[in-house]
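Same order as they appear, the protein sequences are chains X and D. Per the numbering used here, residue 1 is the first one in the first sequence, and the count goes up by one each step. Per the numbering used here, residue 1 is the first one in the second sequence, and the count goes up by one each step.
There could be a bad hint or two in this list.
[Claimed, not checked] Here are the in silico distance ranges between beta carbons for each label pair:
1) D:Ala-204 with X:Tyr-19: 43 to 49 Å
2) X:Pro-209 with D:Arg-14: 43 to 49 Å
3) D:Arg-14 with X:Asp-180: 30 to 36 Å
4) D:Thr-39 with X:Ala-138: 23 to 29 Å
5) X:Tyr-19 with D:Leu-166: 22 to 28 Å
[Stated by the list, open to error] Here are the simulated EDC-like pairs of lysine to aspartate or glutamate, each with C-alpha atoms no more than 16 Å apart in a straight line:
6) D:Lys-77 with X:Glu-94
7) D:Lys-77 with D:Glu-226
8) X:Lys-176 with X:Asp-201
9) D:Lys-222 with D:Asp-81
10) D:Lys-77 with D:Glu-26
11) X:Lys-141 with D:Asp-82
It is worth saying that the hints were derived from the structure and are not from the lab. Every residue gets a Cβ at the ideal spot worked out from N, C-alpha and C, and that includes glycine.
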Amino acid sequence: MTEPVAGLHIQSISCTRGYRDLFTDLDFSLGEGQVLRVEGRNGSGKTSLLRIMAGLAQPLHGEVLWNGRKILHPENDYLQNLLFIGHRHGIKMELSPVENLCMAKALHGSRSENGIEEALYQVGLYGFEEIPCGNLSAGQKRRVALAQLFLTQAKCWILDEPYTSLDVAAVAMLEKLFDDHVANGGMLVITSHQPVTLDADQQFRLNLPDTRVEALT
Amino acid sequence: MTPSTMSAFFALVRRDLMLSYRHRNELLNPLLFFLIVVTLFPLGVSPEKTLLQTMAPGVIWVAALLAVMLSLDSLFKDDYDDGTLEQMMLSPHPTSLLVLAKIISHWLVTGLPIILLAPLLGIFMYLPAEGIITLMLTLLLGTPVLSLIGAIGMALTLGLNRGGMLLSLLVLPLYIPVLIFSANAVDASLAGLAVRGQMYFLGALLVLSITLAPLATAAALKISVE
């Protein structure tokens, strides 16, 4: 038996939408301190790929492995190490940012020492703690969801269009956070239509539907 | 259950109760429906005491059953739309337990008020005291079953645009045993007979659904989220 390899491994997965092939035979491994940027035009399967990587959807063929085992294998700790923020940010409009983050923290069993107030301060929502999220602007809602990044100890972050409706300052703040995360041995999978400028040494780019992964230098 | 799973479980119950409280108008709908249906019967059929008494168990139970079905819509729909359901599935805690937490809070805001309203409606329908007690006991055992089975149906029809019709088709046949045993128990108590047999059946249905329904619901949600 081979030694299990650390990280996230995508083994020749294919995905279809209706009768259309989105991509076929995609192979990739993401290790500690590496970044994967998924690009491609609208409808090219970026979100589908990310959902497959998060275990929310099943690929038509192929497997996604975490440390050598299937991601949802009962003995695997993938879910403890995963933070997925999708298009729908998973924020309850009726609840305040603090209540939302309390729930997120409880759901993901986060043992992080960082306080919720601290996280909200970091994303620039200081003073908005008790306002129902429904009354916040689109960018602020997204900031509430992204405040989870300050609360989590997850190693693997999968973020679908995190920059949507964020202002320049928030994007800069996020990029700094991403750099810190990756520098500490984290993994990052990100899609974005805006330019992403990270300092990480090991960045890879996937331009769907082309399944070749190229290294960025 | 590990402490962190326990805290996630209670956090979810608390959150759902808080959400229902902030939507209390929607919460009232099924209860008003329950109240209105039962109070219309004496007006529509006949105010005669013996007739109402014979009809009471069936009428109250049918109204309760439909009221629970009306309220099912809110169980997963909002969570599905805003992505919190996805986050629930991505939690390291067992989805079936989290589902159970949601069902419990659903029952607390629909089943429980129905049970509390039942004595009032029993009096409307001339039910004697022993009938009302049996009615409340059957509701206590039966309404959680309705919430649990309803959750499976709701989870299965979640991804569909108009799942309402399909939901009733899926769920109603499974509700019928509960209806039969419950209404029959209240009838029997009116005739002065023992109701232990029916209660055992309802208890068995409750145990069966509380153990299996969360698993089935979690599996159905997994398909729907995909």
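Against the structure, the hints come out as follows:
{"no.": "1", "hint": "D:Ala-204 with X:Tyr-19: 43 to 49 Å", "verdict": "holds, 47 Å"}
{"no.": "2", "hint": "X:Pro-209 with D:Arg-14: 43 to 49 Å", "verdict": "holds, 45 Å"}
{"no.": "3", "hint": "D:Arg-14 with X:Asp-180: 30 to 36 Å", "verdict": "holds, 33 Å"}
{"no.": "4", "hint": "D:Thr-39 with X:Ala-138: 23 to 29 Å", "verdict": "violated, 46 Å"}
{"no.": "5", "hint": "X:Tyr-19 with D:Leu-166: 22 to 28 Å", "verdict": "holds, 25 Å"}
{"no.": "6", "hint": "D:Lys-77 with X:Glu-94", "verdict": "holds, 15 Å"}
{"no.": "7", "hint": "D:Lys-77 with D:Glu-226", "verdict": "holds, 15 Å"}
{"no.": "8", "hint": "X:Lys-176 with X:Asp-201", "verdict": "holds, 14 Å"}
{"no.": "9", "hint": "D:Lys-222 with D:Asp-81", "verdict": "holds, 15 Å"}
{"no.": "10", "hint": "D:Lys-77 with D:Glu-26", "verdict": "holds, 14 Å"}
{"no.": "11", "hint": "X:Lys-141 with D:Asp-82", "verdict": "holds, 12 Å"}
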